[in-house]
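When you get a sec, could you build the whole thing from the sequences and use the hints?
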Amino acid sequence: MEEERLLVLQMVADGKITAEEAAALLRALDATRRVPSDEEAGGGSEAGKHAGIDVGELGRKLGEKAEVMAQVIAERVEKRATRLEEGVEGPGWLQNLLGGLNLGHLFAAHYKSEDTISGIFEHEGDVQLDLSTFNGRIDLETWNRPEFEFRVVKTIRAPQAEEAAELAAKLVRFAQDGKVLKLEAASPAGTWNCGVAIYGRLPEGRSYDAQLTTTNGRIVVAGLKAGILRARTSNGRVVAGQVAVTKHAEVKTSNGKIEFSGSSPQLVARTSNGRIVVSPSPGQGGEYDLSTSNGSIRLQLVTSPDTGYDVEATTSNAKIVTELGEVEMLAEEKRPGRQHVHARTRGFEDRRHQVLVRAKTSNGPIRIGPDLE
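Under the working numbering, think of the first position of the sequence shown as 3, with each following residue one higher.
Simulated from the structure, these hints should not be mistaken for lab results.
Incorrect hints may appear among the rest.
To be verified - 25 Å max Cα-Cα, derived SDA-like pairs, lysine to any residue:
1) K227 with V279
2) K336 with R354
3) K362 with N257
Right, here's the structure in full:
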């Protein structure tokens, strides 16, 4: 089952299918986890024919990777057909499953179009930046030039180039009003055969309040100076490298790792499936709220005599390692299924810089300290 799931994700990464199509495929696979073998079921292939479903036709139409996926789904559909004949499954299950896959767009051609949007910020002060897209990544970096530039790459699956061009014209909206810039890519209602990636360059001398959102794709931010930084994706990694945030940073993904380096007085990092690695700039205080449901947490702190640490860490299925100099243990629990530590630097209240850490994972180790492996 795991190999088939990885194949689905690879198909998304290769642009073979969209996130919605992948979700349908995964649901089909998940629904068959407890299906008996062909021998146990008494021969599923013949049952598939009786059910009136030509599952082999699906395999013949797909490409190299999609063909493998079709075979996987075909096997499970045939097994489910046997269970349907035996009365184990309710009527209509097979038709509902195959109808829900909606794989017609897989057979269409891929078309790409690219637009460039550029301009300048004429007013002083923080720029309000709002970038949102779907089925595509967001890459944002700074450069030593006064203008901003966004390269918008649209990928569309359609039977004809004319149809692709018509859809491409509807995908992106851009607006700028002084220090407020909004670039939004949205899929028209009823369509899921397209995606938009955004590659942006911003003047490095300015500060930004940045809101970055994609429903399926990674987010990468490099060298940005920001008052507020919010980055969220429903599927993909989030990387913020060498950023300087003066107020608050929030990075979230439903499936992927999180990496953050630089400074922020407040950092919230959340992922449902992936590790978290945070490398704060030395000589600063801060509050770090780090949480993952499945992955390790690593907070690389450069300790110094004028910095105090208050660390509370919890994991369900691994160990907790802290190396923060002389600390007092406020709480410690070690038992099967739960590891919990609350440690604080002696004289914490008197330290010039104070670092508060709350780290929690359901499955993975937690390491806090300088260069811990």
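Each hint, compared with the structure:
no.: 1; hint: K227 with V279; in the structure: holds, 20 Å
no.: 2; hint: K336 with R354; in the structure: violated, 32 Å
no.: 3; hint: K362 with N257; in the structure: holds, 16 Å
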